[in-house]
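**Q** Each chain, written out:
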Amino acid sequence: MTAIPVATATLEVRSVTMRFGGVLAVDDVSFSARTGEVLGVMGPNGAGKTTLFNVISGVQRPTSGDVSLRGVRLTGRSVEDVASCGVTRTFQTPVMFWGLTVRESVEVALAAREFGGTYPPAPLRELAPCGLGSPGRRHAQAALRERADVLLAGAGIAAMADRATESLAFGEERLLELARALAVEPTVLLLDEPLSGLNPDEVDAVIASIRAARTDGVAVLLVEHAVGELLSVADRVVVLDHGRMIAEGLPAQVAADPVVIDAYIGDELE
Amino acid sequence: MYGRTGLVLLVVVAAIVWILPSYYTGLLTLIGLYALVTIGLNLFMGYAGQVSLGQAAFFGVGAYTSATFAVKANITPWLGMVLGAIVAALVAYALSFVALRLRENLLALATLALGIVINVVFNQWDFIGGTSGLKDIPGFTIGSFTFDQRAYAILAWALVAVGIWFAGNLVRSSFGRSLIAISAGELGAQALGVHSERLKRQTFVLSAVYAGAAGAIYASQASYIDPTSFSFLLSVNFVLMSVIGGLRSLWGAVIGATVVVALGQILQNVVPVVLPSARGDFQSFFLGVILIAMLILLPRGITSRLSEARRA
Chain A
1 MTAIPVATAT LEVRSVTMRF GGVLAVDDVS FSARTGEVLG VMGPNGAGKT
51 TLFNVISGVQ RPTSGDVSLR GVRLTGRSVE DVASCGVTRT FQTPVMFWGL
101 TVRESVEVAL AAREFGGTYP PAPLRELAPC GLGSPGRRHA QAALRERADV
151 LLAGAGIAAM ADRATESLAF GEERLLELAR ALAVEPTVLL LDEPLSGLNP
201 DEVDAVIASI RAARTDGVAV LLVEHAVGEL LSVADRVVVL DHGRMIAEGL
251 PAQVAADPVV IDAYIGDELE
Chain B
1001 MYGRTGLVLL VVVAAIVWIL PSYYTGLLTL IGLYALVTIG LNLFMGYAGQ
1051 VSLGQAAFFG VGAYTSATFA VKANITPWLG MVLGAIVAAL VAYALSFVAL
1101 RLRENLLALA TLALGIVINV VFNQWDFIGG TSGLKDIPGF TIGSFTFDQR
1151 AYAILAWALV AVGIWFAGNL VRSSFGRSLI AISAGELGAQ ALGVHSERLK
1201 RQTFVLSAVY AGAAGAIYAS QASYIDPTSF SFLLSVNFVL MSVIGGLRSL
1251 WGAVIGATVV VALGQILQNV VPVVLPSARG DFQSFFLGVI LIAMLILLPR
1301 GITSRLSEAR RA
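One line per chain: the protein sequences are A and B, in this order. All residue numbers for the first sequence refer to this note's numbering, where the first residue is 1 and numbers rise by one. All residue numbers for the second sequence refer to this note's numbering, where the first residue is 1001 and numbers rise by one.
Incorrect hints may have been included.
These stretches of chain A come out as covered by chain B in the derived footprint (C-beta under 8 Å, 3 or more residues) [claimed, not checked]: (1) 25-33; (2) 80-88; (3) 145-158.
One side only, chain B facing chain A, incomplete, derived with CB under 8 Å [to be verified]: (4) Ser1144; (5) Phe1147; (6) Ala1151; (7) Val1162; (8) Ser1173; (9) Ser1174; (10) Arg1177; (11) Ile1180; (12) Gln1190; (13) Leu1192; (14) Gly1193; (15) Val1194; (16) Tyr1224.
Beyond 12 Å from chain B on every Cβ pair, some chain A residues (computed) [stated by the list, open to error]: (17) Arg137; (18) Ile207; (19) Glu229; (20) His242; (21) Gly249.
Worth flagging that the hints you see were computed from the coordinates, not collected in a lab. Using N, Cα and C, we set each Cβ at its ideal position, and we do this for glycine too.
Start from the sequences, fold in the hints, and give me the full structure.
**A** Structure representation (structure tokens):
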């Protein structure tokens, strides 16, 4: 094997089909995402976008087809294994870790990477050092804290660091969830409607974070109902309708595609 | 902070056992042993957000392991305590592959059932005494000194001090925070790469270690055990101690164990005076009423009210 082409596909979705009883939520969808691009995933309600995210992130196992990351098959792995491979995600409704502060939430994400690996066995690697409060562990803990503060500052939410997650407003939850996802330094980041419910300042902050992640070489998959924002931030777009992929291309092309316009207008008329 | 306060508590116990009547010293030992079990249970229930209605089984496994080695092979309870903790851990590890696949109500039912199954084993296995149990279990010794009630109280609370120190470090580390993340949003934590099942398994096994060590001391202190000592009812009591003290609080475990044991004792003394015709059932009845009232008034445990008061 010689040099890997620069534009190599990072995430490969091949013929993924997801059937719930008689309903085809995702119907033979194939596409790929490359490092350092924002791939918009568009489609009217019920098009199968979230199901697709669930399949990629390991929450649901597809009826057929598979997903791989740089040639490593992800399908069949658990959510945490998929995450360890470098694919992480956010949720339509942000998942908050109530009981922790904002900083601690980010520390959990950072520690998840540190806790990875297979040797020594988990109790010696995780339980014993943490319970004994070993100097090495305390050192690591302080390093996590510092790193978390850097990440929170980068996300523009340093002022929230010591707040309890229970006290956050909806938009702040979204910002924290995104910061947490970026903390694991993913290869692929799946964002499920990251802009919905945000005020204009928060929208700008999220878009800035997405662009920064792209610059860092992350492949960002973006599901978003705000079509204008999606088309402005995405490098490429795939469009789903009733589980099928009906278009793929540059934002301008897709926006002008009669099939796409039809799908959206048709949806609104229904 | 947990370590230091635990040490202070140990010193207090070591001091008051010299003035306490031996009956109350025995109760103090029991509270310490139950507190130890409940600290482990709080890690699993309060922090990791799981539920176990089978903790008495691990307490029993520890007791039976230590007692059997002591009675049959004349192995010192000091080693028996370690073996009891290890065997309880192994049992929990094996059971975790069944139990931890389940969530919430189903997990509660599964642990309940597993606890009952283990109790059936205690009942049916003649080698460990079957229904008649094991008697004349050798006590702890140091040189020629055989432990009296005072020494057991000190030993139990020394273990509480160690147990709360370890658990205290744990809950303030990435491990404990990951548990809290799992209990708040398991899928969200998993999506970040938190191996929730592995962390839950370690916590479940650790809770069995706490219970197993406590059970081993219990066996030697009581010098007699039988399957009824480790029934489902005791598991329910452990959960009550957890909830009443405050699930997500390690001191809550100590307070919960103290309150439940003390209430039982108070009722035992008070009910016959107030209601001379009442039989033993009435004590359970009043205990139940008081506990339900506490759960309604302090749903997040006694420690939740204490920390609110401190903040105010």
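**Q** Hint by hint, which ones does the structure fall short of?
**A** Violated hints (numbers, rising): 1, 3, 4, 5, 6, 7, 16, 17; every other hint is consistent with the structure.
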